[in-house]
Structure formats: C-alpha cells, structure tokens
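Undergrad: Spelled out from the first residue to the last, the chains are:
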Amino acid sequence: MESGISGFDAWSRELGRGGAGRDLRAALERAAARAARDFGARMWFAEILGRRWSYIAGSMERAPAAVALERRALSERIGVVVEDWGRLAGEQRARALERLAGLCAACAERG
Amino acid sequence: MNALSQALMPSFFKEQEARRYMDSDRDFIDDGWIEHLLEQSRHPDRSRIREILARALSLVRLEPAETAALLQIDDADLWPEVFETAREIKNKVYGPRIVTFAPLYCSNLCTNSCLYCGFRRENGSASRRRLSIDEVRRETEALVQQGHKRLVVVYGEHPTSSIDYQCETIEAIYKTRVGHGEIRRVNVNAAPLSISDYRRLKEVGIGTFQVFQETYHHETYRKVHPRGKKADYDWRLYALHRAQEAGIDDVAIGALFGLYDWRFEVIGLLLHAIDLERKFGGVGPHTISFPRLEPAAGAPIQPGAAHAVSDEDFKRLVAVLRCSVPYTGLIITAREPAEIRRDVINVGCTQTDASSRIGIGAYAEDYGEQQSRRQQFMLGDTRDLDEVVRDLAEMGYLTSFCTAGYRCGRTGVHFMSLARSGNVHRFCIPNAILTFKEYLVDFASDETRAVGEKLIEKHIRETVLQPLRPHVRKRLAEIENGKRDIWF
Ligand code: SF4
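Line by line, the protein sequences give chains L and Y. Counting in this note's numbering, the first sequence runs from 670 upward without gaps. Counting in this note's numbering, the second sequence runs from 6 upward without gaps.
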C-alpha cells in the first residue's frame with residue numbers, strides 16, 4: 670500500500686532490501702539521512718547497553734523546537750530515538766519502526 | 006598453547022595495547038617540550054592575552070601555546086579578565102547548572118604503592134575491606150534515600166576487584182530502588198583495563214570511565230609510583246584510548262595537583278585531551294578532574310611539599326582549563342572546602358559531589374566523623390546533599406541530577422556535535438530543572454525547597470528558551486502529580 674507521502678515509500682522499500690549489503694552503522698546512517706531528506710524526519714540510533722544508549726548513527730543536531738523524544742528499541746541491541754517524525758503520521762510511523770527493526774535484523778543476520 | 010606462552014600472553018598484549026596508539030613509538034607527553042613551551046611563554050604581553058581570551062570566547066579549544074601563555078600571566082590585573090572569560094564560557098556552554106553525584110568506594114584493597122595514598126599496600130594500619138554485593142546494595146540504598154541519581158564507583162587495583170566484581174556491583178546498583186529513588190548513571194573510577202575488560206564494562210551500561218594520570222611528568226610519575234602495576238606510565242596514559250576503542254565513548258581524565266608543577270600538569274591534561282580528540286573522531290574527554298593532594302594516613306608524601314598549589318593558583322588553573330577546553334566538563338570534589346568550591350564553581354566547574362563519604366561502607370554505617378584509617382585521604386567538605394543543593398541554589402545554580410543524555414544516545418561524538426553547535430541549552434537546562442524539581446519534591450528540606458522553587462521560576466523566565474517554557478511547566482506539574490524520570 671502506497672502511503673501518499675512522497676519519499677516515504679521509496680525509503681521503506683530501500684529498508685526492505687536490508688540496507689543493500691551495508692554494515693549496520695552505514696545502513697542506519699543512510700536510513701536517517703534519507704528520512705531527513707525525503708520526509709523531514711529526524712532520528713538517531715543507539716546501541717542499548719543496560720541503561721545506557723550509546724550513539725551509533727543518525728541526526729546529530731537538534732531541531733529548534735523539538736520537545737518530545739520517542740525512544741524505541743528496534744532489537745535487543747539497537748534503539749532509535751525520534752525527535753521529529755516530519756511528515757509521517759500514526760500508521761506510517763508504525764511502519765517506519767517496523768522497517769527499521771527489519772533493517773537491524775537483516776544486518777545482524779549478515780553479521 | 007603451552008604454559009609458558011600462556012603466561013606470557015597478558016604482558017605481550019599489555020605491551021601491544023599500550024603502544025598501539027603511540028606516534029613513532031613515543032607517547033604524547035614530551036617533558037622537555039612542555040618545559041620549553043612554559044619557559045618560552047613567560048611574561049606574555051597584555052595584547053596577546055586579550056587575543057587568546059577573545060579566541061577562547063569563540064568557544065574553540067585552545068592550542069598548547071595559548072594555554073601556556075595564560076598559565077604564565079604575571080600581570081595581576083589580567084587574572085580578573087581570565088576569570089570573567091571563564092565565567093562567560095561556562096555560562097554560554099553549560100548555563101546555570103551543576104551536575105551532582107556521590108562517590109561509592111567499593112574496595113580499598115590495593116596492590117600499588119602510590120606514595121600519596123592512604124590505601125597503598127605498605128600501609129598496614131589501613132582497615133581493608135571489599136564490600137559484598139549486599140553491602141553495595143545497602144550503600145546504594147543510603148545514597149538513593151538522600152536523593153542521589155548519579156554515582157562514581159571506586160575500586161582499588163587488586164585481584165579481588167576483578168572485572169567480574171566490577172560488573173556485579175554496577176548491576177546491583179542499577180537494580181536498587183527505594184520508593185521513587187534509583188541510581189540512573191554509574192560512572193567508574195578504576196585501574197586501567199584491557200580492551201576486552203572494557204568491553205565487559207560497556208555491556209553493563211556504565212556512564213563515564215575515569216582514569217587519572219596523577220602526574221604527567223615522567224620522572225615524578227616514576228618516583229611516586231615505585232611498585233605495582235601503576236608503575237607503568239604508558240599503560241595508564243593510554244587507558245582511555247583503549248576504553249574508546251572498546252566503545253566506551255565517555256571517558257574522563259585527571260591529574261593530582263601537588264605532585265609536580267601545576268602549569269606542567271595543565272599542559273599535560275590539554276595534550277591528553279588533544280590526543281584523544283585526534284585519534285577518536287574529535288571526541289575528547291567528557292570531564293577533567295584536578296584534585297589537590299590532601300593529607301592521607303600512612304602516606305609518605307603529604308601536602309605542603311615543593312609543588313603545593315595555593316588557593317589562588319588553584320582558581321587560576323581551573324579558569325585556564327575552562328578557557329582551553331570549553332566543551333569538557335570540569336569536576337570539583339569535596340576534597341576542597343566549601344569556600345574554595347564556591348569560588349571555583351564560578352570560574353568554570355560543571356560537576357561536583359555532595360554528601361561524600363569515602364570510607365568503605367561509610368554511607369550505610371553512617372559513622373559521622375571522618376576516619377583516616379578507612380579513607381584514601383581526608384575530605385574538606387562533608388556537608389550533606391541538602392545543604393550543598395541549597396548553597397548552590399543561593400548562588401543561582403540548579404543542581405542537575407540529569408542522566409537523560411546517556412539514556413537516549415546523546416553520547417560521544419553526538420554530544421560533542423550538539424555542544425559545538427550551541428544546542429546543549431535546549432535540553433540540558435530544562436532537564437536540569439526537571440531533575441532539580443524531582444529532588445525538591447522527594448528529598449529536600451522545607452528551607453531548600455523554598456529556595457529551589459524560586460530559582461526554578463527565575464530560570465524558567467530568564468534562561469529556558471521561550472518556546473520550551475510551556476512544555477517545562479507542563480512537565481513540572483506532572484512531577485508534582487507523582488510522575489518521575491521525564492526529560493527532553
Ligand atoms: S592511589 Fe589508587 S592505586 Fe595508588 S595506592 Fe591508592 S588506591 Fe592504590
């Protein structure tokens with residue numbers, strides 16, 4: 670099903686291909702950069718180590734008025750922090766998280 | 006692998022791990038070069054100092070020659086300008102907040118012989134102990150009940166403080182809860198580790214790993230560390246390079262002032278920061294500590310020796326560090342008496358400890374007076390947390406217990422990028438306010454709460470960015486209604 674948001678479907682399809690052979694960091698870096706470019710979302714990724722979330726890749730500077738961070742685990746080891754979903758709304762956000770989780774799983778499988 | 010090669014493995018790896026970061030097989034501290042730099046920088050002229058201060062105000066990291074010139078100011082009229090610059094840098098980068106923590110000594114068994122330390126192995130009169138996991142829990146409960154959210158755990162260098170013990174104690178601390186209270190960030194002060202051991206610590210989710218070089222001056226280092234693992238200068242010097250390589254991206258450096266010339270040590274700290282930055286993608290140390298030598302029972306070296314640092318020079322060294330490394334936190338501890346702490350907080354310190362007890366088991370046992378036989382050194386400030394928080398609030402500072410950064414990936418290169426782009430204010434001040442409010446509601450005395458609430462109101466009006474104010478107020482109301490651990 671197409672979302673009607675230009676850029677989101679292409680982003681989603683690319684993630685569905687499992688990061689096209691990139692290592693996890695490079696794949697996440699690209700996912701965050703394209704999310705920012707294509708539908709205005711800002712996010713970064715972190716390695717989950719007990720309480721600590723240690724930065725891996727993604728958006729580094731903060732949008733001026735962002736006030737609510739959304740922190741989600743994508744796997745046991747990797748989490749995403751979204752500070753701005755840009756033009757994505759409810760259902761697309763859930764799809765985006767699913768796609769990101771799939772990307773982490775695909776990269777983990779490749780080692 | 007035969008028994009001999011097995012026995013040789015650790016030292017072989019140690020050698021490799023110590024040398025792999027060196028340039029042309031030399032470490033980054035060239036004593037002769039530093040002495041020469043300091044000599045050359047004597048009697049700097051006023052216009053050069055003002056140029057350097059202007060550059061510092063643009064929030065760049067200074068070069069060693071610039072720092073050396075500041076250290077050599079002999080024109081008394083110029084020091085107030087340095088203090089003012091340091092104060093301004095602090096306000097620009099960090100705002101009116103002081104991050105607060107408590108130390109938790111888990112063990113004072115040590116195989117080293119540091120001549121300035123009460124825990125040195127030759128000190129037969131020290132009462133030695135390693136806390137059991139239950140005792141660590143009880144210490145943690147006592148700290149949580151005071152309102153602490155951040156700890157630094159301290160271990161001596163000894164086989165009984167193995168990496169297994171360190172991981173177990175940290176996990177026990179994180180699991181401890183009392184009512185609304187819990188420890189949200191555990192920093193570690195321990196002996197240098199191998200890369201594989203750092204990886205284990207990383208897994209348990211530590212905050213910052215700190216190793217102090219004590220003195221950067223090679224010859225002095227050799228003299229004051231005559232025996233034990235700590236006698237290996239390079240193993241210690243590159244401890245945090247190994248930590249970074251293992252993925253621990255918050256590391257902290259420090260020097261013990263009073264062992265050698267204070268100006269030399271400041272340049273040593275700066276070179277350490279530069280080497281870390283150079284080798285790890287621009288990420289220097291998260292914090293710098295600069296404890297002064299304090300009296301320690303059974304230690305051959307006591308304060309007052311040739312390199313004692315006066316109160317005036319102490320303030321100068323803090324201000325010069327603030328100007329030199331604008332994005333690195335500076336820690337002033339309870340070694341210093343309250344009036345010194347107040348003075349140097351104003352010229353650049355960003356973190357402090359409070360209610361500190363440094364005897365083993367001292368929080369749960371609550372034995373009142375300091376006991377030199379149980380302590381590594383004597384503290385200058387034993388006020389409780391409530392009193393310190395109130396004192397800081399009266400000076401205009403929010404006590405921050407914030408641990409949000411390391412729980413949402415604002416670590417290492419990400420944190421540095423936010424700081425350099427001037428974005429720390431956006432979330433650090435609101436988060437300081439929220440954690441301060443939690444403290445006031447859950448733990449503060451009536452007197453502290455009254456001072457604190459006024460201060461929060463003032464900073465919402467004057468410091469928090471206008472678009473964020475309603476969001477801060479909304480979250481403050483949520484805290485009043487029982488919600489905890491909310492952050493931006
Ligand atoms: S300073 Fe540290 S390493 Fe040295 S004797 Fe004391 S506890 Fe041991």
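One thing to keep in mind: the hints can contain errors.
What the hints assert, rightly or not - Label-pair distances were calculated between CB atoms; the ranges are:
1) Y:E68 <-> L:R682: 42 to 52 Å
2) L:E745 <-> Y:V65: 35 to 45 Å
3) Y:K284 <-> L:G780: 52 to 62 Å
What the hints assert, rightly or not - If you want the ones that stay clear, here's a sample from chain Y, every Cβ over 10 Å from chain L, calculated:
4) K97
5) E176
6) E208
7) G303
8) G417
9) E467
To be verified - Here are some chain Y residues pointing at chain L (derived, C-beta under 7 Å):
10) R205
11) V209
12) S315
13) F319
14) Y411
15) R412
16) H419
17) A424
18) G427
19) H430
Derived by calculation from the structure, the hints in this document are not laboratory data. Nothing here was measured: the structure is a model prediction, and the numbers come from that model. Built from N, CA and C at the ideal position, the CB exists for glycine as well.
Undergrad: None of the hints should be skipped; say for each whether it holds.
TA: We went through each hint and held it up to the structure:
1. Y:E68 <-> L:R682: 42 to 52 Å: holds, 49 Å
2. L:E745 <-> Y:V65: 35 to 45 Å: Cβ of L:E745 to Cβ of Y:V65: about 41 Å, so the range 35 to 45 Å holds.
3. Y:K284 <-> L:G780: 52 to 62 Å: violated, 27 Å
4. K97: Its Cβ never comes within 10 Å of chain L, the nearest being 17 Å, so this holds.
5. E176: violated, 8 Å
6. E208: violated, 6 Å
7. G303: Nearest chain L Cβ is 37 Å from Y:G303, so the label holds.
8. G417: violated, 6 Å
9. E467: holds, 19 Å
10. R205: Interface hint status for Y:R205: violated (11 Å vs cutoff 7 Å).
11. V209: holds, 5 Å
12. S315: This hint is violated: Y:S315 lies away from chain L, its Cβ roughly 40 Å from the closest one there, beyond 7 Å.
13. F319: Violated - the Cβ of Y:F319 stays beyond 7 Å from chain L, reaching only about 33 Å at its closest.
14. Y411: holds, 5 Å
15. R412: Holds, because the Cβ-Cβ distance from Y:R412 to chain L comes to roughly 6 Å (cut-off 7 Å).
16. H419: holds, 4 Å
17. A424: Since chain L brings no Cβ nearer than about 11 Å to Y:A424, farther than 7 Å, the hint is violated.
18. G427: This hint is violated: Y:G427 lies away from chain L, its Cβ roughly 10 Å from the closest one there, beyond 7 Å.
19. H430: violated, 10 Å
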